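Enquirer: Spelled out, the chains give:
There are 2 protein chains.
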Amino acid sequence: MKLAISGKGGVGKTTIASTLVRIFAEDHPRVFAIDADPDACLAQGVGIERQVAQEHRPVIELKEIIDAKNAGGGAFFTLNPDVDEILEEYCLKKDNINFLRMGGLKKGGEACYCKENSFLNSVVNSLLLDRNDVVILDMGAGIEHLSRGTARGVDAMLVVVEPSLNSVGTALQVKKMSEDLGINRVYFIGNKVRTEKEKEFLSSKLPQDLLLGIIPYDDEAVDTAMEDGVAISPQGIIYKTLKEIKKRLEEEVGNRDI
Amino acid sequence: MKLAISGKGGVGKTTIASTLVRIFAEDHPRVFAIDADPDACLAQGVGIERQVAQEHRPVIELKEIIDAKNAGGGAFFTLNPDVDEILEEYCLKKDNINFLRMGGLKKGGEACYCKENSFLNSVVNSLLLDRNDVVILDMGAGIEHLSRGTARGVDAMLVVVEPSLNSVGTALQVKKMSEDLGINRVYFIGNKVRTEKEKEFLSSKLPQDLLLGIIPYDDEAVDTAMEDGVAISPQGIIYKTLKEIKKRLEEEVGNRDI
Chain A
1 MKLAISGKGG VGKTTIASTL VRIFAEDHPR VFAIDADPDA CLAQGVGIER QVAQEHRPVI
61 ELKEIIDAKN AGGGAFFTLN PDVDEILEEY CLKKDNINFL RMGGLKKGGE ACYCKENSFL
121 NSVVNSLLLD RNDVVILDMG AGIEHLSRGT ARGVDAMLVV VEPSLNSVGT ALQVKKMSED
181 LGINRVYFIG NKVRTEKEKE FLSSKLPQDL LLGIIPYDDE AVDTAMEDGV AISPQGIIYK
241 TLKEIKKRLE EEVGNRDI
Chain B
1 MKLAISGKGG VGKTTIASTL VRIFAEDHPR VFAIDADPDA CLAQGVGIER QVAQEHRPVI
61 ELKEIIDAKN AGGGAFFTLN PDVDEILEEY CLKKDNINFL RMGGLKKGGE ACYCKENSFL
121 NSVVNSLLLD RNDVVILDMG AGIEHLSRGT ARGVDAMLVV VEPSLNSVGT ALQVKKMSED
181 LGINRVYFIG NKVRTEKEKE FLSSKLPQDL LLGIIPYDDE AVDTAMEDGV AISPQGIIYK
241 TLKEIKKRLE EEVGNRDI
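Protein chains in written order, with the UniProt record's numbering: chain A, 1 to 258; chain B, 1 to 258.
The hints are simulated quantities; they were obtained by calculation from the structure and are not laboratory data.
Model, not experiment: these values are computed from the prediction.
Fair warning: there could be bad hints in the mix.
One copy or two, either will do: identical chains are not told apart, so a pair holds if it fits within one copy or between any two.
The calculated lysine to aspartate or glutamate pairs, modelled on DMTMM-like cross-linking and capped at a C-alpha distance of 25 Å, are [stated by the list, open to error]:
{"id": "1", "residue 1": "LYS197", "residue 2": "GLU49"}
{"id": "2", "residue 1": "LYS115", "residue 2": "ASP180"}
{"id": "3", "residue 1": "LYS94", "residue 2": "ASP27"}
{"id": "4", "residue 1": "LYS199", "residue 2": "ASP219"}
{"id": "5", "residue 1": "LYS197", "residue 2": "ASP95"}
{"id": "6", "residue 1": "LYS93", "residue 2": "GLU61"}
{"id": "7", "residue 1": "LYS240", "residue 2": "GLU200"}
{"id": "8", "residue 1": "LYS205", "residue 2": "GLU55"}
{"id": "9", "residue 1": "LYS63", "residue 2": "GLU227"}
{"id": "10", "residue 1": "LYS176", "residue 2": "GLU227"}
{"id": "11", "residue 1": "LYS94", "residue 2": "GLU179"}
{"id": "12", "residue 1": "LYS247", "residue 2": "ASP67"}
{"id": "13", "residue 1": "LYS115", "residue 2": "GLU88"}
{"id": "14", "residue 1": "LYS197", "residue 2": "GLU251"}
{"id": "15", "residue 1": "LYS107", "residue 2": "ASP155"}
{"id": "16", "residue 1": "LYS107", "residue 2": "ASP180"}
{"id": "17", "residue 1": "LYS246", "residue 2": "ASP95"}
{"id": "18", "residue 1": "LYS243", "residue 2": "GLU88"}
{"id": "19", "residue 1": "LYS199", "residue 2": "GLU88"}
{"id": "20", "residue 1": "LYS176", "residue 2": "GLU61"}
{"id": "21", "residue 1": "LYS93", "residue 2": "GLU196"}
{"id": "22", "residue 1": "LYS240", "residue 2": "GLU88"}
{"id": "23", "residue 1": "LYS93", "residue 2": "GLU251"}
{"id": "24", "residue 1": "LYS106", "residue 2": "GLU179"}
{"id": "25", "residue 1": "LYS247", "residue 2": "GLU89"}
{"id": "26", "residue 1": "LYS197", "residue 2": "ASP130"}
{"id": "27", "residue 1": "LYS107", "residue 2": "ASP95"}
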């Protein structure tokens with residue numbers, strides 16, 4: 001099962017992506033956690049130290065190796081099944097979690113991340129998965145990864161939404177653009193919901209059958225933001241709500257043929 | 001004076017950018033408010049209706065006109081002083097505010113926003129300003145606009161920071177990349193600060209002389225997020241703190257020769 005997490009900046013994509021990775025890793029032998037945002041912090045959320053993650057080699061380096069091998073062989077290449085083996089070298093492992101990051105930091109004015117996005121798409125599509133493997137992609141904020149088609153080929157797009165008009169606007173735009181990409185399963189996850197009014201707001205703005213769940217606002221995520229390490233504890237309401245959402249995902253996405 | 005507003009997703013860039021635009025427009029005859037994020041909502045923050053802004057022609061169309069004119073004339077072009085006149089057609093006006101947006105929405109998989117970012121840079125650099133004109137650019141979340149160099153040429157980069165390690169990490173990265181671009185004045189604005197502990201956290205993590213101000217958390221911004229229209233009232237603490245920050249900007253940036 002391959003899932004991408006998207007939504008407007010600040011809605012909680014990385015918190016939700018990293019927590020889902022941990023929950024799936026409880027009963028799946030291999031979960032790939034892929035950081036597709038040059039500014040994201042997925043590693044910390046799954047318990048890998050910030051510094052260690054930042055120094056780890058990004059997947060884009062593999063492209064340079066392939067390019068060097070294929071020099072003179074034309075502009076196109078296909079990742080062959082061996083990629084799985086090579087990819088092992090790019091994974092930072094923590095228990096059942098295999099962490100990968102798309103690209104490294106660049107200098108100001110150096111270049112866009114088009115190459116990284118395009119190569120990540122090839123890698124995700126080439127990953128040969130066992131039936132129980134899970135891939136979770138934490139996308140960049142906003143909609144450019146969709147106009148680029150980075151997550152083309154995932155089984156479902158999960159859009160995180162907080163109770164604001166702007167966040168809902170982005171979410172509906174993500175749905176439309178995901179469908180352009182041929183991703184037919186797009187679901188919404190409500191987040192940071194404080195009041196009954198906010199819950200009703202989200203329920204009224206989003207298609208009911210696609211709203212996988214609503215995560216209540218919890219000071220836990222704010223209070224731990226100034227500290228290093230995993231912010232979300234398995235005892236808190238965020239983790240518990242996401243466990244329910246994970247069950248629905250397995251029912252709706254997991255049992256179908258990929 | 002040309003200013004760019006950046007920072008991690010969700011820190012409050014658009015709220016701060018739009019409020020600064022309104023404050024500068026109180027005593028400056030012409031303020032350009034430029035939305036440089038394909039997913040942003042700067043227009044609503046300055047009182048322009050969502051629908052009207054979305055249907056307004058984006059600046060990138062001007063490039064297509066120039067390209068058509070120069071067909072066969074080589075790959076390079078320079079915007080000449082006439083650009084100011086032509087740009088008038090791309091501005092949505094509201095009192096002293098001239099709103100411009102970088103690019104339109106695209107389909108999923110259609111293209112990146114590299115062309116839009118690069119052209120926006122030319123436009124911002126070509127704007128001939130009177131001494132009292134102000135340009136405020138609301139950048140996309142994260143750091144890719146810096147690796148692209150979209151805001152190269154502004155007089156100052158304002159980085160919005162909330163009390164979290166991730167937000168501080170992005171802010172310091174923005175500072176470094178801005179300096180790569182030759183933007184030597186980089187300032188920080190603390191936002192959504194609830195407690196004395198959070199205030200101390202930001203003060204301890206950021207260079208004191210570059211921290212222009214700290215905006216307290218205010219339910220106003222959350223409570224109005226589900227409604228259309230301008231969220232920040234001139235009577236609230238967010239507006240008042242930004243008025244002080246605007247004064248400092250005029251002292252530190254405005255009085256120097258551009």
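Enquirer: Against this structure, judge whether each hint is valid.
Expert: Evaluation of the provided hints:
1. LYS197 x GLU49: Between copies only: 24 Å across, 38 Å inside.
2. LYS115 x ASP180: both (21 Å within a copy, 21 Å between copies)
3. LYS94 x ASP27: For LYS94 and ASP27, the Cα distance is within 25 Å only inside one copy (14 Å; across copies 57 Å).
4. LYS199 x ASP219: Intra 18 Å, inter 17 Å, cutoff 25 Å: intra and inter.
5. LYS197 x ASP95: Cα proximity of LYS197 and ASP95: none, with 41 Å in one copy and 35 Å across.
6. LYS93 x GLU61: within (18 Å within a copy, 47 Å between copies)
7. LYS240 x GLU200: within (21 Å within a copy, 32 Å between copies)
8. LYS205 x GLU55: Result: close only across copies, 22 Å inter versus 42 Å intra.
9. LYS63 x GLU227: neither (35 Å within a copy, 46 Å between copies)
10. LYS176 x GLU227: between (37 Å within a copy, 23 Å between copies)
11. LYS94 x GLU179: Neither way: LYS94 and GLU179 sit 34 Å apart in one copy and 36 Å across, limit 25 Å.
12. LYS247 x ASP67: Classified as neither; 41 Å inside a copy, 53 Å across copies.
13. LYS115 x GLU88: within (21 Å within a copy, 35 Å between copies)
14. LYS197 x GLU251: neither (29 Å within a copy, 44 Å between copies)
15. LYS107 x ASP155: between (34 Å within a copy, 19 Å between copies)
16. LYS107 x ASP180: Cα proximity of LYS107 and ASP180: across copies only (6 Å, versus 33 Å in one copy).
17. LYS246 x ASP95: within (19 Å within a copy, 50 Å between copies)
18. LYS243 x GLU88: neither (28 Å within a copy, 53 Å between copies)
19. LYS199 x GLU88: Result: close neither inside a copy nor across copies, 42 Å intra and 43 Å inter.
20. LYS176 x GLU61: Only across copies: LYS176 and GLU61 sit 23 Å apart there, 32 Å inside one copy, limit 25 Å.
21. LYS93 x GLU196: neither (41 Å within a copy, 38 Å between copies)
22. LYS240 x GLU88: neither (31 Å within a copy, 53 Å between copies)
23. LYS93 x GLU251: neither (27 Å within a copy, 51 Å between copies)
24. LYS106 x GLU179: between (31 Å within a copy, 13 Å between copies)
25. LYS247 x GLU89: neither (31 Å within a copy, 53 Å between copies)
26. LYS197 x ASP130: neither (43 Å within a copy, 47 Å between copies)
27. LYS107 x ASP95: neither (33 Å within a copy, 39 Å between copies)
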